[in-house]
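First to last, the protein sequences are chains A and B.
Letter 7 of the first sequence, counting from 1, is numbered 7 in the working numbering, and no numbers are missing.
Remember, the working numbering sits 1000 above the position in the second sequence when you count from 1.
Hints in this document: simulated from the structure, not taken from any laboratory.
One or more hints might be untrue.
Think about it this way: if two alpha-carbon atoms lie no more than 30 Å apart in a straight line, the pair counts; the simulated DSSO-like pairs of lysine-lysine are [as the list claims (entries may be wrong)]:
{"#": "1", "chain 1": "A", "residue 1": "83", "chain 2": "B", "residue 2": "1098"}
{"#": "2", "chain 1": "A", "residue 1": "9", "chain 2": "B", "residue 2": "1108"}
{"#": "3", "chain 1": "B", "residue 1": "1070", "chain 2": "A", "residue 2": "57"}
{"#": "4", "chain 1": "B", "residue 1": "1070", "chain 2": "A", "residue 2": "9"}
{"#": "5", "chain 1": "B", "residue 1": "1070", "chain 2": "B", "residue 2": "1026"}
{"#": "6", "chain 1": "B", "residue 1": "1069", "chain 2": "B", "residue 2": "1098"}
Some chain A residues judged to face chain B by a derived CB distance under 7 Å, without partners named [claimed, not checked]:
{"#": "7", "residue": "39"}
{"#": "8", "residue": "42"}
{"#": "9", "residue": "43"}
{"#": "10", "residue": "45"}
{"#": "11", "residue": "48"}
{"#": "12", "residue": "55"}
{"#": "13", "residue": "101"}
{"#": "14", "residue": "107"}
Heads up, the beta-carbon is just placed ideally off N, CA and C, and yes, glycines get one too.
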Amino acid sequence: DGGITQSPKYLFRKEGQNVTLSCEQNLNHDAMYWYRQDPGQGLRLIYYSQIVNDFQKGDIAEGYSVSREKKESFPLTVTSAQKNPTAFYLCASSIRTSEYEQYFGPGTRLTVT
Amino acid sequence: SQQGEEDPQALSIQEGENATMNCSYKTSINNLQWYRQNSGRGLVHLILIRSNEREKHSGRLRVTLDTSKKSSSLLITASRAADTASYFCATKEGGGNKLTFGTGTQLKVEL
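Bound-form chain A, shown alone (with noise of 0.2 Å):
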């Protein structure tokens, strides 16, 4: 059963903490991506990366931090730093670059208070 699987869907934290969002795949894509979503908005990219052990930073990058040690794992740290973390997050695949259609997980709502 391929697909890409995010964890936890639901997730709760005080502000002032890390918290980290699971991304994984099993879909043997090369690239993936991980997207915010805010209430009634599009998409705005946070960081991706084209290959195992390298990534690049999407138009919000700042107060994120991600790794890509394996290519099925892409997990992503959202820091204190991050003035407004309160969003849907999203991650995606695709086989190469975005010359490719984007596979998506479900998401997961963080809520930070």
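Dock chain B against chain A, hints included.
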């Protein structure tokens, strides 16, 4: 700033009617993609149209691309209640490695 801007922001139609939504973008692109998002879920890819294509069909979906006007349209024919969702266009700029998403059109199909 958003590369793609969808129009209208929201659309409400009756089941069986056609739904048309438009996307405008600013820079030259390599391809344009349409995605659907049901409330609180991830996005699902619908169709990809390359810059050298003018029209593409997939089932009840028809996408057009006019690179001279920097615009695309998505037509859903014979809509169903299950088509109720938000629809996003996303563009890949010529030399880039990422997609830029628009703000979306919320479609509601009523019985």
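Query - Hint status (Cβ of residue 101 (chain A) to nearest Cβ of chain B, threshold 7 Å) - result: 4 Å, holds
Query raised in the report: residue 1070 (chain B) and residue 9 (chain A): Cα distance at most 30 Å?
Result: Cα-Cα ~37 Å, so violated.
Query - residue 45 (chain A) as chain B interface residue, shortest Cβ-Cβ below 7 Å - result: 6 Å, holds
**Report entry** Residue hint residue 48 (chain A), partner chain B, criterion CB-CB below 7 Å
**Finding:** 6 Å, holds
Query - Given pair status - residue 1026 (chain B), residue 1070 (chain B), alpha carbons within 30 Å - result: 7 Å, holds
Query raised in the report: Against chain B, is residue 39 (chain A) within 7 Å by beta-carbon distance?
Result: Nearest chain B Cβ about 11 Å off; hint violated.
Query raised in the report: Given the hinted pair residue 83 (chain A) and residue 1098 (chain B), is their alpha-carbon gap at most 30 Å?
Result: Holds, at roughly 24 Å.
Query raised in the report: Taking only the CA atoms, is the gap from residue 1069 (chain B) to residue 1098 (chain B) under or equal to 30 Å?
Result: 22 Å, holds
Query - Agreement of hint residue 55 (chain A) with chain B interface, Cβ distance less than 7 Å - result: 11 Å, violated
Requested in this report: With a cut-off of 30 Å on the C-alpha distance, tell me whether residue 9 (chain A) and residue 1108 (chain B) pass.
Outcome: 25 Å, holds
Query - Hinted pair residue 1070 (chain B) and residue 57 (chain A), Cα distance within 30 Å - result: It holds: about 27 Å lies between the C-alpha atoms, which stays within 30 Å.
Query - Given hint residue 42 (chain A) near chain B, where the shortest CB pair must fall under 7 Å - result: This hint holds: residue 42 (chain A) lies near chain B, its Cβ roughly 4 Å from the closest one there, short of 7 Å.
The structure fails to meet hints 4, 7, 12 from the earlier list, while all remaining hints are met.
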